[in-house]
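K.L.:
Residues per chain are reported as follows:
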Amino acid sequence: MKRLLIASACLTLWIFGLWGTAARAEDWKPIDPAHLAQKTPVVDPSADAEAIFWEMSLADNFGGGDPENVIRNYIRIKVFTERGKEAGNVELPFYNNGRIGDIAGRTIKPDGSIVELKKDAIFDRTLVKVGNQKVRVKTFALPAVEPGCIIEYRWTEHRDVYFYVPLTLQRELPVQQLTLRVKPIAIPGYDYRMRVQLFNGTLPEFKEDGKGFYLARFQKIPALREEPLMPPEDEVRQWMLLYYTEDLKLEAAKYWKETGKRAYDRYKDRMKVTDDVRAAATTAIGNAATPEEKLERLFTFCQTKIRNAFTSGMTLTPDELKKMREKKGPSETLKRGYGTFEDIDLLFAAMANAAGFTARLAKVTDRSDAFFKVNFADDYFLRSFVVAVQVGADWKFYDPGVTRTRYGMLRWQEEGMPALIPDPKESRFIVTPISKAGDSLTRRTGKFALDEGGTLTGEVRIEYTGHRALDWRYLLEDESPAKQEEFVRRDIQSVIGAEVSDIKIENFNDSAKSLIISCKIVAPGYAKRTGKRLFIPVSIFEQGAKPMFSDATRTQDIYLKFPWAEEDNLTISVPDGFELDNANAPQSFELPSGYGKYETSLKYSEADRFFVYRRSFSFGKTDELMRFPSTAYPVLKQIFDAVHKQDEHTVILKAK
Amino acid sequence: MLKRLLLVTLFFLSATGAAWAGDEAPAWLRQLADAPAQTYPKEIPAVVLLDDERVTIGDDGKIVTVHQYAVRILTREGRREARGQVDYLTDGTKKVRDFRAWLIRPNGVRKFDKKEDIADVAVVDNDIYNEIRFKAVAASDEADVGMVFGYESVTEERSVFTQFIHDFQDDLPVMVSRFTLTMPAGGRVESITFNHAKIEPSASGGTSTWELRDLPPFIKEPDQPAVTNQAPRVAVNYFPGSAPKTAESRSFSSWPEVSDWLYGLSDGQAAPTPALSTKAKELTTGVNDEFGRISAIGHYVQGVKYISIQTNLNKGGGYRPHAAGEVFTKSYGDCKDKANLMRSMLKAVGVNAFLVSIYAGDRSYVRNEWASPYQFNHCIVAVQVSDTLNSPMTVKHPKLGRLLIFDPTDPYTPLGDLPEEEQGSFALIVAGKDGDLVKVPQNAPDANLDNVIVEAEVQPDGSLKAKLTNEMTGQVGSSFRGLHASLPAPDFEKVINRWLTRGATGLQVSGITVKDEREKGILKLEVNIAVPSYAQLMQGRLMMINPSLVPRRSQVSVLQPTRKTPIEINAEAYTETFTFKLPAGFAVDELPEGVTLESAYGVYAMKCVATDTEVVVTRKLTLRPAVIPAENYGGVRRFFGQIGGAEQTPIVLVKK
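From first to last, the protein sequence lines are chains G and V.
Read left to right, the first sequence gives residues 687 to 1342 (this note's numbering).
Read left to right, the second sequence gives residues 7 to 662 (this note's numbering).
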């Protein structure tokens, strides 16, 4: 009897074991021998590894409990090179209530033999746990990975359902085919529907598979290649937004009108003009006469008298934080003297309204993240805000909540973007202005003496305005004076190998004024000496700069953040015993399509034995963002190479 | 990816800032905060007021460590010092019994002791898994200049080790740093001091205390020796003597003893498996010379992926490799796994080899005076070779004979060479009782040669066409080999482009080829170069030519006028021959004068020779490894300054 029991148990185990093996084998798709024999990638000839396929299945389930998003992934990768072996190191992060399970993986060696990923080689790590917040990751390394092999793995992730699910379709390696299956949640009586929006690619047709899933196939997705000065990642990579929204069946124009109305209603009370707000506006405006003067005073009041809680160096107690989160309106912001970016902007809007203007909190896209798409009828990209004020017939834009912006300018991230101006009846988009090149000016003046050994000594004053000043202020705001000096020193030394001393930074906390940096420099061997000549690169602050574009080719578009200008006015004294030898100034030229110009002049005063070198350069337009297609790269490179070449221009002094 | 996730989460930890508790700080911390603050140079971000580590070894071998630490913030950057952490092991052999921190601000004390305040963080490096974790507090966002941050931790552990190391300092100044060891009756301690005069402990009963006060800060400067080679530290051995000895505890009194212990942990793991042996034989079949056979196996093991899985650390797991057969099958492992695999594969073909413990990152870290595995962080291999094998990386061991040292973890340094920071270091040959500490050889400067040959033609319009041949050996070659191997072809081309464009604006490259003669340790790069306007033409009469087309890959930084710390120079040699044909119609008017420089650490020579048809510029720089005291910096500055001057002085041609 006992023997029978044992035999029965063995049979059961054998059957289950066999069934288990069979089930696992069925889970993997058959290997195509052509893929094993494949020597070169299909999508990108330079790829080190390439996904033969990637299958992703998303199902939003509602089984009576909390809705759950279940994502199943299965990826098969061909490894071509030693570098491609890295594809076998896998990290699968997940958060808080989420979980990842059903992980399996294997390596198919070039000879067709298979090495399975063992369960004990899969590690579950909590990277960080703080209170109830956790970041976890499943990690594993596929075994026996070598060039020529195929690796494949799959996993299932469970997580909460979100209204917006951005899906990255471009991986760090190319994908021959991505199959996406999506099953939206369906809750009876709940009038929200899932929608799909693809960015930077062509959306294939979704077909229903009869099991509640919608299926689409994407072919030949290249890997994302990052390049310097490229647009924000969301503007270049292929990605998809799955989102739930009310099924209003509105066209884009109607959608924005409704959205503007809702925004107006939402902010109406938070811009309420109370007696104290009105009184504060009256006091701040004082004797200002013109609308611009009045707005400037209100702007200055909000920016300087109301502390931004997120400014560097500002620390709030928990009580203060709690008060701030209550969002009671401009009167409260005024009373407590600090607030969020939004609180300060809303106070400014309320004060402007109190002063007789029409002001609204306008929604705008931050173009360091992505650009606005008017035909995408959802406010997903409208995550930033500025204050729009009607001045005469025009709408003007202000952002006093950002501590260091100058009156009359927005952050560059919000320039040139359509801003939705909320209104109970006629909401509209108005494109925020792009600042002029001269608004972001770097003006360098210097008085230098050159000795006969080539050492350049002098005093320098550099003035920054607009976005250039803002960049510096952001860079330095969290640093000690010693560190600020170090940043300035390194910046100057990056273009001129000099000792830099007596560094002074002026107007750092006064955003209304230019930021001024002054210092002394000593550059031994700046001018090169031969037996009878001295060679002086005259563009002292540009001659050692790196070229703007050094790569020969370009894949991504080129994106320059804002127009800018530079002005140099340098006086260099000539050492005794030398005179100019065939000296000429670098060549001036206009940039194509009205993008700017490069101008120089060189004047020598025989009597005073010095020459004055003037240089000015500006780039950019106010009527369009500076996003250039990759095809324009050769022209852009040519322009900036020409500027750089002229900036390397040398003036020769000859011994008398 | 993991690191990025971790950073994001730590940001949330510091940004969320839990409740303002209004608690009192403990007396020890209060007292430190109330003491008058000393003044330091403005660039010093913070001062450590107390670093007090108290270790108690119980009769049962349990080790309890109480750590008290306090730091005063001196600058804005110093806020990042307001953080504390204590490590523990997930296998339960080291536990955190208590951990709390305080930030003393002018308006009260913020206590960090709740679960929302303390992050539990995984060690994230190249590890798939590591059982070391940290409890951490980050108060940087709440801290400001003048505040005092402190923490206290209590840990309890059981370890096979009864050796301790206490670093008295990192780079911050320290007012009091102390290490105290309390042991059971009958025990005995020995200590060794590094980077400082011998520190005698004060003893009281079974308690010994090592203490230093008023340690000045380490100023950060370029090219300085590692802080680990300058900051004082004490190593302590505890010997139970007549005290009850736990079965596991280990202290060491000699290097052979350390070798014997490590050998016991690792030797059993090196047994070859049939598959491994087959592969080893396959790799060496037909290779008749000794070096070639070792090289074939070494190269194979270098190709095994580096992946680290760290477990059983308090039981010596950090020193025990995974079984060689397992590593061979998975084709991944960490440094000791790879070294052990190589040892096993060599064994399979009849070659004897040993594991070697070494410190990667600072060749002066390991000291002969303290026999301890704690001094190592890396594992390489020593292969027994015959007297006929010719390689600079051999050592003669009195018992083990001639040993060829090799690092199979570095995939780019071939057999016969070693990574630069390992050369000249002490290393332990793990060979049972026969093992001992040896000094690893250091290559001569000429073994790390960067040889540049440029053959160019300059046209009358100033354009240049050239062929660059760059031959690299030793660590120069390994570094470039790594660059070439780790980048896809388009990215590698960009790197070459960016490097060469620094020497000439608008430079275009083509025909990039890389030839790796690995067995000879030579890597050769060939590039065709075209520069549209290389020479500057002045009013059609003079032509100025920069004689340095190819920028140096590395340079000693001598921009700062003075220096406070020693400057470290590595062994390397650079030779360059730049030959260009004169443009038609031009003759040489002026040539840079030849320069010859000689110092204790280097020799430089530059010569410029012209004929009717061409100019040949030759340069040779040889640097010997040296650490030069700060007071001799003036000489170093002159030496490298003169080189810079000599290389930038232009050649002047004149129209005939």
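One thing to keep in mind: the hints can contain errors.
27 Å max Cα-Cα, derived DSSO-like pairs, lysine-lysine [as the list claims (entries may be wrong)]: (1) V/K570 x G/K1009; (2) G/K1169 x V/K48; (3) V/K500 x G/K1247.
No lab work stands behind these hints, which were simulated from the structure alone.
These numbers come from a predicted model, not from an experiment.
K.L.:
All hints are to be evaluated individually against the structure, with a verdict given for each.
P.N.:
Verification of the supplied hints:
1. At most 27 Å may separate the alpha-carbon atoms for a hinted pair to count; V/K570 and G/K1009 exceed this at roughly 50 Å.
2. About 9 Å separates the Cα atoms of G/K1169 and V/K48, which keeps this hinted pair within 27 Å; it holds.
3. The hinted pair formed by V/K500 and G/K1247 meets the criterion: a straight-line CA distance of about 23 Å does not exceed 27 Å.
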